[in-house]
Amino acid sequence: MALSRRSFLKGILGSGGAAMVGPSLLAPLSAKAAEETWKISGSHWGAFRARIAGGTVVELKPYEFDQTPTEMLEGIKGIIYSSSRIRYPMVRYEWYKNRGKANPSTRGDNRFIRVTWDQALDLFYQELERVQTTYGPWALHAGQTGWRQTGQMHSCNNHMQRAVGMHGNYIRKVGDYSTGAGQTIMPYVTGSTEVYAQGTSWPLILENSKVIVLWATDLAKNLQVGWNCETHESFDYLKQLQAKVADGNIRVISIDPVKSKTQHLLNCEQQYVHPQTDVAMMLAMAHTLYSEELHDQDFLDTYTLGFEDFIPYVMGEGEDKIAKTPEWAAQICGVDAERIKELARLMAAERTQLIFGWGLQRQQHGEQPYWMGAILAAMLGQIGLPGGGVSYAHHYSSIGVPASGASAPGAFPLNPDRPEDRVHQNSDYQGYSSTIPVARWVDAILEPGKKIQYNGTTSTLPDIKMMVFSGNNPWHHHQDRNRMKRAFEKLETVVAIDFAWTATCRHADIVLPACTQFERNDIDVYGSYCVRGVIAMQKLVDPLYQSRTDFEIMTELCRRFDKHKQYTRGMDEMEWVASLYQECREANKDRYVMPEFKQFWQDGIVLFDGMNNYVHHAAFREDPEINPLGTPSGFIEIFSRKIASFGYDDCKGHPTWMEKAERSHGGPGSDKHPLWLQSCHPDYRLHSQMCESKPMRERYAVQGREPIYMSPQDAKQYGISDGDLVRVFNDRGQLLAGAVVSDNYPQGVVRIHEGAWYGPEDEKMGALDTYGDPNTVTLDLGSSKLAQATSANTCLVSIEKFQGTAPEVTAFGGPSEVAPT
Amino acid sequence: MLSKLKALWRTMTRPAKHISLGVLTLGGFLAGVIFWGGFNTALEASNTEEFCIGCHEMRDNVYVELQQTVHWSNHSGVRATCPDCHVPHNWTDKIARKMQASKELWGTIFGTIDTREKFLAKRLELATHEWDRLSANGSLECKNCHEYASMDWDAMSEVARTQMEQAAERDQSCIDCHKGIAHELPESMAAASGALAGLQRQATSRFNPGQQYFSIRQLPLFTDSALSQEAGILNSGSVITVVAQQGDALQVEIDGWRKTKGFGRVINEEFGQNIREVTLEKEVATDDSMIQGFEVQEDPLTGLPWQRVSFQLWMGKDDLVDDREILWQEASELYVKNCSTCHSQPEEAHFDTNTWPGMWAGMLSFVNLDGDTQELVLKYLQKHSSDYSDGHH
Amino acid sequence: MESTNPQEQSKRSEWLSFLIICVFLFPILSVVFVGGYGFIVWMLQLIYGPPGHSI
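Residue numbers (the numbering used here), protein chains in the order written: chain A, 1 to 821; chain B, 1001 to 1393; chain C, 2001 to 2055.
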């Protein structure tokens, strides 16, 4: 065929063009494949290095300094890329359609429409305006706090409360869910909150203690996570302790109904005790110490107040005329009387370190075991000695690890710079309390105006109309889901800011997508209490979907009432991070040399090598006059006149044994629901964080549900085999969980870790929870009139093997998106 | 010679015979102008930076330090030279200063500060001269360029604006807060750490007997006016009444209450309230001739007996302010700034006086405050606790 | 030469006086007075403290 010149030229041009374009199409792909970086960052689970390739986080490996990284690091990718990521600003469909007249019972139906950022923020602002002008500051509750993500600059709660605080006043809270009872009682007893205080350093404990009593505390489980970036140095000391136990140097006794992770790690002794009966056991130990004159009278005379007002109660000369003998206690706590005496004698004979966990005070009358624990320690007379005395927090965020003495970086300010510039100056709470106990907000919604006793004062619960939650998941940490449903039906507006679609988002009206900490730059202290260093949190990838940093979200909110300049102080993200670093550098200039910010950011971390040992209460012991405790008298108050003056029947002038509202093993309600449900901190999560991470969940979920751990005896009794689906229920609610039968558990005790995401079958009251959230069935009751704290561990349930087709798990995967009509 | 002088004298003291009035006056006028010009040129030549740094003492020390500051180089390129700040602009004061410069001449000749070490040793003294001068005239030299009336508040950062507006209201002397703005501060200024250094700069220097004063930080107390026998420590934010002054030492009276259990070393401000005022040495606390005791009362809160006491001791005159509000203002800002890391901090009136120490102790691990500052903030909290406020909470 | 007649002499004397007064005496005296004034002010400042607000 003859080829015309024209077609020849066309052909040449065509193929030439293709030849030129072709490679350029391939070029970006190969460039991306080659584009790979390593970044450093930190998290609640520890520090790590991450490999990013093609704009995706591909690999995470623990930071080299960390000798005992937690396997939860492997769940982080599952947080970033989970199906529960909030992609867009969402508004509840019913609320959006019928503002002000929305059908309240539809809350929880999980039907939302997508809106733009502007629309969402406008709605948020309008609601703040409406509530402040129509009602007043008493109707807005923006005071709740949560465990947030790590990072001092982007600390989400600080951002939300600063922004909302620049608009107007709001209801705040006092206390927290972790230690509500403990932090309220201990200032009366030893003069500090104790639960967040530095404790005696591990090296000193290892060197001096002969007996360590782990009372309801699982160090190995809880030290995996930290409030800031966790160093896991505590595990070095646990390993050393393991060796000392092995060669008989130190006796460790875990007083716990359950064989804990720590017990297995240390291979130490266990002392079983009936759930919720610890105070009875401790009273009996005090009785033994006193009657056998093993107590340290000199110590009591010099350092304490009120022993003579307390001991009659123990010896049977008190109001109730009951002697708290070991025989008496044995009936209640299930520990043999001889064994109680043996333990008391052992502790008196040796240098004994008492360590309590927080789960113990997360029950009704949670103030009592902590108070009684301090009295036991006082009677032993070893408070203030290295390796002696009492601690309430050695399981938390590297407490007990010798600290460097360096200063940690500060945080983005929570408070407005100029409160006098608030848009709404109104601070008239109309007789309601402006601050309420943290766990009584549901009571407030259900019974506004109700007056409750709290810590010596009267709290008038406000008539809350609107709530704002930032990085905070009350539909995880609060008790009694169905009661919460009733309360939420009364709320007019709920705003939730989060990065994952938690049950709180499901029950909210306006949901704003924040990004994860891995999608922004930040700075953190490495080791909350030991301040081992300062770590750069380098952004791994850009915010996914339409998510934004809390900083951006709140700046835009503030723009709507013209306060964005004051909010940001004219600085952007990196300027803030650099300024926090610089202030930290200034504060440390006489102790540690820190590089300039640019160098620091490049290096990724600066470490401080100081290791300073500390003995808790040593200064007080040395000179109680010059270094008094923060109690009213300055001494350890065994009897507290102040508390006695309150006249509370559930928290008297000294610790007392009081029966619980419901208690297993022969206690009230055990005939109806025989099993004690323990909902302690999880092993594979940080509370509810990481539940949505599928790769992590797959390690422990049973048939896709949260595990319920039970004894072989109970399993047999209820015809349940390992791996079965179990319906857990009581008068308050019902849930599905997957059975794990284990002889770590005694008869009558079942465990479901808190933080399991709530996924009700539908929005109806009493709906079955499909995933296994223990708070579906827990009791929403204040610990006592003193602390009004959460009583999650006062909970009885029944179980049965689930029959029929199990409903799908609805807890994950985000909302059902509805198209706007 | 003498006759020549006599002749000259005669000529000078009689009316001119040959030179006309116009010539004489014009000539005198011109000579005067030339002279005055020359005089001022010479005077102004001594008012230039080049002249000042002609002496190596200035060139190698303060001149180098100036170059690190914003008065040397900044975004607008407007800078200050030595005379702008250090030579009074007012003519009389300028001339007086020039005469005073004979001291500098002396220094140059006799090498008073001709080495770095000598300079550093005298830095505080030299700096104090300038601070006193600027304090007295309300920082006039600063205000020659920096006018409060011309400040653009909106262009400032929030922190700056808050401070500056307050200062403007009082037409405050700039040097009160801005010491160290052009040259390095004396080392001893770091005696109080960052937070309290600002308070130190507002310390009183004049004392009136019978008036109350308040400590910025922990200060030593002595039994003697020579300040040699230690008697104890006055805590931060405490109240004293000046009785007399002897040179640099003040005789002060302290009133308070103490628990009778123990040695009675801790003196508290009010009955039944653990607001620590003074911590005495054992010998002083147990010496009845030194401590006057009054009535004893039982504290219903604890059942412990307390006694009212009064005593007089001696102390140095530094680090005292005459208005407790100055301390409370600073403490309040420190509280808000440092305590909002994890949660919104409780209102001051949320706890009562004796509960605050316990709360405070539990939170100290999280803040970067030194001992003196901690004490001051705790006292602020206690004195604004629910016992001292009547607001509904 | 006979240039020192009384007229010439007194005229020269006058001019000389004029020059001395204008160029030396008064300038020096000015410096002395101004300096003296400054010195007195300085001494007064030592007694009564540095100058206050002059506005």
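Wrong hints could be hidden among the right ones.
[Unchecked claim] To be clear about the criterion: a stretch of chain B counts as covered by chain A if any three or more of its residues have a C-beta under 8 Å from a C-beta of chain A, and this derived list gives those stretches: (1) 1256-1266; (2) 1349-1355.
[To be verified] Derived pair list, reagent style DSS-like, types lysine-lysine, alpha-carbon separation capped at 25 Å: (3) A:Lys-589 <-> A:Lys-672; (4) A:Lys-785 <-> A:Lys-801; (5) A:Lys-589 <-> B:Lys-1094; (6) A:Lys-101 <-> A:Lys-764; (7) A:Lys-259 <-> A:Lys-210; (8) A:Lys-321 <-> A:Lys-642; (9) A:Lys-173 <-> B:Lys-1143; (10) B:Lys-1006 <-> C:Lys-2011; (11) B:Lys-1261 <-> C:Lys-2011; (12) A:Lys-261 <-> A:Lys-221; (13) B:Lys-1118 <-> B:Lys-1143; (14) B:Lys-1122 <-> B:Lys-1094; (15) B:Lys-1006 <-> B:Lys-1017; (16) B:Lys-1179 <-> B:Lys-1337; (17) A:Lys-642 <-> B:Lys-1261; (18) A:Lys-565 <-> B:Lys-1337; (19) B:Lys-1094 <-> B:Lys-1143; (20) C:Lys-2011 <-> B:Lys-1017; (21) A:Lys-642 <-> A:Lys-221; (22) A:Lys-589 <-> B:Lys-1179.
If you're looking for bench data, these hints aren't it; they were derived computationally from the structure.
Here a beta-carbon is modelled for each residue, glycine too, at the ideal position from N, C-alpha and C.
Restraint check for Lys-259 (chain A) with Lys-210 (chain A), where alpha carbons must lie at most 25 Å apart: Holds - the C-alpha atoms of Lys-210 (chain A) and Lys-259 (chain A) are around 22 Å apart, at most 25 Å.
Coverage of the stretch 1256-1266 of chain B by chain A (three or more Cβ within 8 Å): holds (count 5)
Within 8 Å of chain A (C-beta), three or more residues of the stretch 1349-1355 of chain B: As far as the stretch 1349-1355 of chain B goes, the hint holds, because 3 residues have Cβ atoms under 8 Å from chain A.
Proposed proximity, Lys-1017 (chain B) with Lys-1006 (chain B) (alpha carbon, max 25 Å): OK: Lys-1006 (chain B) and Lys-1017 (chain B) at ~17 Å, within 25 Å.
Distance restraint between Lys-261 (chain A) and Lys-221 (chain A), which requires alpha-carbon spacing of 25 Å or less: With Cα atoms ~6 Å apart, Lys-261 (chain A) and Lys-221 (chain A) stay inside 25 Å; holds.
Restraint status (C-alpha distance of Lys-589 (chain A) to Lys-672 (chain A) at most 25 Å): Violated. Lys-589 (chain A) to Lys-672 (chain A) sits at ~64 Å, over the 25 Å cutoff.
Satisfaction of hint between Lys-764 (chain A) and Lys-101 (chain A), Cα-Cα up to 25 Å: holds, 19 Å
Given hint Lys-1337 (chain B) paired with Lys-1179 (chain B) - CA-CA distance at most 25 Å: holds, 23 Å
Restraint status (C-alpha distance of Lys-589 (chain A) to Lys-1179 (chain B) at most 25 Å): Roughly 21 Å between the alpha carbons, so the hint for Lys-589 (chain A) and Lys-1179 (chain B) holds.
25 Å limit on alpha-carbon distance, applied to hinted pair Lys-173 (chain A) and Lys-1143 (chain B): Violated, at roughly 48 Å.
25 Å Cα cutoff - pair Lys-1118 (chain B), Lys-1143 (chain B): Roughly 32 Å separates the two Cα atoms, so the pair is violated.
Satisfaction of hint between Lys-1143 (chain B) and Lys-1094 (chain B), Cα-Cα up to 25 Å: Measuring from Cα to Cα gives roughly 17 Å; hence the hint holds.
Hint violations for this structure: numbers 3, 4, 5, 9, 11, 13, 21, all remaining hints satisfied.
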